[in-house]
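**Student:** Residues 11 to 80 in this note's numbering are what the sequence shown lists, from first letter to last.
Each hint should be verified, as a subset may be incorrect.
[Unchecked claim] Result set (EDC-like, lysine to aspartate or glutamate): computed pairs, CA atoms no more than 20 angstroms apart in a straight line: (1) Lys73 <-> Asp31; (2) Lys22 <-> Glu51; (3) Lys63 <-> Glu51; (4) Lys73 <-> Glu51; (5) Lys73 <-> Glu26; (6) Lys22 <-> Asp36; (7) Lys63 <-> Asp31; (8) Lys63 <-> Glu26.
FYI, nobody ran anything at the bench for these hints, they're computed from the structure.
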Amino acid sequence: KKVLLKTQGSAKFSFEGELLDLIKVDVINIAIVAIGQQIVEVVITNSQANTLKIGQRVNVSTKAFKPSIN
11 KKVLLKTQGS AKFSFEGELL DLIKVDVINI AIVAIGQQIV EVVITNSQAN
61 TLKIGQRVNV STKAFKPSIN
């Protein structure tokens, strides 16, 4: 039960995934994350892009339809 209900903050949903790639498109940074059998693209900040590493486990969560990586 604790594993299934593990969340951080007050996010509406949160999924753990593996960071596959970091892409810079113009002024936007995009993280490509594998969550189960799905590939998700998330817009991230410059500071997040500088600290994240390919292969790292990350949490993708959202509040009010605004996904973020923790």
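**Student:** Against each hint, give a clear statement of whether it holds in the structure.
**Tutor:** Going through the hints against the structure:
1. Between the alpha carbons of Lys73 and Asp31 the distance comes to roughly 23 angstroms, so the proposed pair goes past 20 angstroms and is violated.
2. Distance restraint check for Lys22 and Glu51: the Cα-Cα separation of roughly 18 angstroms lies within the 20 angstroms cut-off, and the hinted pair is therefore satisfied.
3. Simply put, Lys63 and Glu51 have alpha-carbon atoms about 15 angstroms apart, close enough for the 20 angstroms limit, and the pair holds.
4. A C-alpha spacing of about 16 angstroms is found between Lys73 and Glu51, which places the hinted pair at or below 20 angstroms, so the restraint holds.
5. Among the hinted pairs, Lys73 with Glu26 is consistent with the structure: their alpha-carbon atoms are about 16 angstroms apart, no more than 20 angstroms.
6. About 30 angstroms separates the Cα atoms of Lys22 and Asp36, which puts this hinted pair outside 20 angstroms; it is violated.
7. Note on Lys63 and Asp31: the hinted pairing holds, with a Cα-Cα distance of about 8 angstroms set against a maximum of 20 angstroms.
8. Our distance criterion of 20 angstroms between C-alpha atoms is met by Lys63 and Glu26, whose separation comes to about 15 angstroms.
Hints 1 and 6 from the earlier list are contradicted by this structure; the remaining hints agree with it.
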